[in-house]
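Those protein sequence lines, which keep their order, are chains A and B. Sequential numbering from 1 applies to the first sequence in the working numbering. Sequential numbering from 1 applies to the second sequence in the working numbering.
Source of the hints: derived by calculation from the structure; they are not laboratory data. Since this is a predicted model, take the numbers as computed values, not measurements. Just so it is clear, CB atoms sit at the ideal spot from N, CA and C, and this is done for glycine as well. Hints should not be assumed to be uniformly reliable.
[To be verified] Derived SDA-like pairs (lysine to any residue); straight-line CA-CA distance at most 25 Å:
#	chain 1	residue 1	chain 2	residue 2
1	A	Lys327	A	Asp309
2	A	Lys338	B	Gln136
3	A	Lys343	B	Lys174
4	B	Lys174	B	Asp436
5	A	Lys343	B	Lys327
6	B	Lys343	A	Asn134
7	A	Lys338	B	Ser135
8	B	Lys376	A	Leu190
9	A	Lys175	A	Thr103
10	B	Lys376	A	Asn134
11	B	Lys376	A	Asp381
12	A	Lys409	B	Asn137
13	B	Lys338	A	Ser135
14	A	Lys376	B	Asn134
15	B	Lys327	A	Thr103
16	A	Lys409	B	Gln136
17	B	Lys376	A	Val417
18	B	Lys361	B	Gln312
[Said to hold, decoys possible] Here are a few chain B residues that sit away from chain A, every Cβ distance over 12 Å (derived from the structure):
#	residue
19	Gln209
20	Trp283
21	Gln285
22	Gly359
23	Gln430
Number of protein chains: 2
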Amino acid sequence: MEPNSSNIRSNQDAASPAQGLLSKKISRREVLKYAGIGGIGLLLGGSGGYGLLAAQEKLSPSSKKNHDRVASMEQIPFYDQHQAGIITPAQNFLCFASFDLTTNSLSEVRKLFQLWTESASLMTSGQMLGNTNNSQNLPPSDTGEAAGLTTSKLTITFGVGPSFFDSRYGLSSKKPASFDELPSFRGDALLPEWCGGDIGVQVCADDMQVAFHAVRNLARIARGTAVMRWMQEGFQRSSTADPSGGTPRNLLGFKDGTGNPDTHDKQAMNEIVWARADNGANWMQGGSYMVARRIRMRIEIWDRSPLSDQEQTFGRYRDSGAPIGSKDEFAPLDLEAKDSSGKPLIPLNSHSRLAHTDGIKMLRRAYSYTGGIDAKTGQLDAGLFFICYQKDIQKQFISMQQKLAASDKLNEYIVHVGSAVFACFPGVRQGGYIGDTLF
Amino acid sequence: MEPNSSNIRSNQDAASPAQGLLSKKISRREVLKYAGIGGIGLLLGGSGGYGLLAAQEKLSPSSKKNHDRVASMEQIPFYDQHQAGIITPAQNFLCFASFDLTTNSLSEVRKLFQLWTESASLMTSGQMLGNTNNSQNLPPSDTGEAAGLTTSKLTITFGVGPSFFDSRYGLSSKKPASFDELPSFRGDALLPEWCGGDIGVQVCADDMQVAFHAVRNLARIARGTAVMRWMQEGFQRSSTADPSGGTPRNLLGFKDGTGNPDTHDKQAMNEIVWARADNGANWMQGGSYMVARRIRMRIEIWDRSPLSDQEQTFGRYRDSGAPIGSKDEFAPLDLEAKDSSGKPLIPLNSHSRLAHTDGIKMLRRAYSYTGGIDAKTGQLDAGLFFICYQKDIQKQFISMQQKLAASDKLNEYIVHVGSAVFACFPGVRQGGYIGDTLF
Numbered sequence: 001m002e003p004n005s006s007n008i009r010s011n012q013d014a015a016s017p018a019q020g021l022l023s024k025k026i027s028r029r030e031v032l033k034y035a036g037i038g039g040i041g042l043l044l045g046g047s048g049g050y051g052l053l054a055a056q057e058k059l060s061p062s063s064k065k066n067h068d069r070v071a072s073m074e075q076i077p078f079y080d081q082h083q084a085g086i087i088t089p090a091q092n093f094l095c096f097a098s099f100d101l102t103t104n105s106l107s108e109v110r111k112l113f114q115l116w117t118e119s120a121s122l123m124t125s126g127q128m129l130g131n132t133n134n135s136q137n138l139p140p141s142d143t144g145e146a147a148g149l150t151t152s153k154l155t156i157t158f159g160v161g162p163s164f165f166d167s168r169y170g171l172s173s174k175k176p177a178s179f180d181e182l183p184s185f186r187g188d189a190l191l192p193e194w195c196g197g198d199i200g201v202q203v204c205a206d207d208m209q210v211a212f213h214a215v216r217n218l219a220r221i222a223r224g225t226a227v228m229r230w231m232q233e234g235f236q237r238s239s240t241a242d243p244s245g246g247t248p249r250n251l252l253g254f255k256d257g258t259g260n261p262d263t264h265d266k267q268a269m270n271e272i273v274w275a276r277a278d279n280g281a282n283w284m285q286g287g288s289y290m291v292a293r294r295i296r297m298r299i300e301i302w303d304r305s306p307l308s309d310q311e312q313t314f315g316r317y318r319d320s321g322a323p324i325g326s327k328d329e330f331a332p333l334d335l336e337a338k339d340s341s342g343k344p345l346i347p348l349n350s351h352s353r354l355a356h357t358d359g360i361k362m363l364r365r366a367y368s369y370t371g372g373i374d375a376k377t378g379q380l381d382a383g384l385f386f387i388c389y390q391k392d393i394q395k396q397f398i399s400m401q402q403k404l405a406a407s408d409k410l411n412e413y414i415v416h417v418g419s420a421v422f423a424c425f426p427g428v429r430q431g432g433y434i435g436d437t438l439f
Numbered sequence: 001m002e003p004n005s006s007n008i009r010s011n012q013d014a015a016s017p018a019q020g021l022l023s024k025k026i027s028r029r030e031v032l033k034y035a036g037i038g039g040i041g042l043l044l045g046g047s048g049g050y051g052l053l054a055a056q057e058k059l060s061p062s063s064k065k066n067h068d069r070v071a072s073m074e075q076i077p078f079y080d081q082h083q084a085g086i087i088t089p090a091q092n093f094l095c096f097a098s099f100d101l102t103t104n105s106l107s108e109v110r111k112l113f114q115l116w117t118e119s120a121s122l123m124t125s126g127q128m129l130g131n132t133n134n135s136q137n138l139p140p141s142d143t144g145e146a147a148g149l150t151t152s153k154l155t156i157t158f159g160v161g162p163s164f165f166d167s168r169y170g171l172s173s174k175k176p177a178s179f180d181e182l183p184s185f186r187g188d189a190l191l192p193e194w195c196g197g198d199i200g201v202q203v204c205a206d207d208m209q210v211a212f213h214a215v216r217n218l219a220r221i222a223r224g225t226a227v228m229r230w231m232q233e234g235f236q237r238s239s240t241a242d243p244s245g246g247t248p249r250n251l252l253g254f255k256d257g258t259g260n261p262d263t264h265d266k267q268a269m270n271e272i273v274w275a276r277a278d279n280g281a282n283w284m285q286g287g288s289y290m291v292a293r294r295i296r297m298r299i300e301i302w303d304r305s306p307l308s309d310q311e312q313t314f315g316r317y318r319d320s321g322a323p324i325g326s327k328d329e330f331a332p333l334d335l336e337a338k339d340s341s342g343k344p345l346i347p348l349n350s351h352s353r354l355a356h357t358d359g360i361k362m363l364r365r366a367y368s369y370t371g372g373i374d375a376k377t378g379q380l381d382a383g384l385f386f387i388c389y390q391k392d393i394q395k396q397f398i399s400m401q402q403k404l405a406a407s408d409k410l411n412e413y414i415v416h417v418g419s420a421v422f423a424c425f426p427g428v429r430q431g432g433y434i435g436d437t438l439f
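This is chain A alone, in the form it adopts within the complex:
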């Protein structure tokens, strides 16, 4: 498992544990099944010369060099105390996949997570998947479109939805207290094709092709065990378009994420983001609860609203991002400030005021999306794929969203069309696999 080329960074954490797992747990028959020879899917596997990792030793130096991806300083470790992709500064692109399991066997699910662990550790460290990328008679084990590309800060973050804890796998007693699909909020117009899922996988990278490659290969690996329920691509302005690294703007033209807590503040992260073992789910300690909402923007209506309406809607200036009445984007919201007629400068129904009261905080990680023209209306299907992380969905997202749904002036211009929640596992330690605290 030593890299043959000096520009390929080895990831010892990634290699050893997974190799061990696979050699032990996956039989040759299973490998052939995964290899698609039985018509089912793709190969990734362990013993008998088909192993994902063992195989790399068999590649000649030149072919290995040609095949492997280019690791770089842009690499974010997969094995860590917490999963990457949560407090990691948001990369430029998102490819989010929701999966439904098609198996009733817990051991199949466990095996899927083991295979995903190994694959995620390889992809995030810039390596190709598997051993049949030079083997003429088998399907390539890596789909190849990321060959030669840098890791581009790829992160892959895994979580499970409430449906994961139904009767299929005998895990219902492990479901965290009050971890359920979100209640219905006023104004919701949810479409089933954008809701829910047994498993949620958030893939982020500074390159869209690298992100897509990861989701696609995870889906291949899942064949026969899980199917994709929905997938959402997202984007922000790229780092090259905004070298200053300022707060990105959403498609309403406003800065989005100004009020986010400081991810370098460990205490704040412990208070806001990381789950504790106090809600009946010890296995979630060090994990985080994710809420994902597909929020369509009524762009055509917004674009016809006067600037003052837009700014009153957000409670901030469009240009600077500063709260109304302040000059600096990061100035605290002065909720007491009034204009000469005694009216609050930051309107009572403005988005930023409602989102900031009660001291509720969460870590937002939103991406813009566009999905072409909505054939039904002839209007743009575009908006925000909102993701946030918190330690307690009930006390954080739900409390805030109930307030926003009731009175946010922004509701004139947006509609929530998709919704999902996922319990994102703690980080994977060396020798472990995704979800091993639960299984």
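With chain A's structure known, arrange chain B on it following the hints.
Just chain B now, with coordinates in the frame of chain A:
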């Protein structure tokens, strides 16, 4: 029209002609109509203090500096002999819009192109649109999501489809000979929602948000005159993910574009890309004919095919991109080479052989696309948004595609679901506007 800030590059070409045009041709009443005050749309306009350009002089230096986008060395001139975005090296992202005109008035169409000219010259030079970005009582004339971003090599390329020459505008005599929607090819499975359009606009940039911003603002400006028929986003690996600038790979994992002609070779471009005045359409001299095809890939099936099948399908090695039997990606195809049993090394039905015979050339400019999960099949809706430019669609694209449709082994793995052709105007000269050679 002098920029107030030294980091904002002025575009004199862009400013003066458009300002002139607008001041002369657009009345205050029209401006108010466009301003959406009449409930129709957006403002962009000329006289009476609402002018798109005149207005910038009225902004205070500080607000101008805050609002304007950051021009940079990444700026590609809008005014030129040919339209930018054709032989310009392909940027990382695509946002393609097809529009249908809703007016029967040629003068309204002309005005639309004049407004688009002005807007495109501003956006490609990193400037905000219009004068109401600081005006409280009007809708902002720029939607704002690209504020502060670099130009990111933005190009905007305009063309008209065959339907533009029907009876509505009295231009049917100007239709180039044999410029029609493409004939039906074997295996086509076209969906009307991905076909045709009176006007095609190809927007490319190294940043997705910059590209989307441009399309969205062009659509706003068109309100009341044209509606978007379809929109397609596309991507390649980004320049940061592949600093070497090698040939990008498509979603089948193969390099795509290896055989493209050298865009620096003026003679080749004249022979392959730039239209002459010899097909009854003098106005197209220096323009180019674009073919766009939305090609869905049967990714799940491809991913289960052995590497040898994949390589025989393309006639190239996946790893290096070299023709089978050669080592170098750019080696010429040796169509005579045979293996020991006398079989052609590059199979007779391989994609590269079929695409290269008869000496037919065109300039390809393809992007990958993903559109989430196809609800009908549960499979990925992903593939290639193929764009090519040529001087003669009949002799170039159609001749080649008839051959590919008949026997290309790749047809097992792809299906053409969208199709459009656009006659892309010659470049806009200083003082002119898009399409002025036609009108």
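* **Violations among the numbered hints** => Hints 3, 5, 10, 14, 15, 19 contradicted; others consistent.
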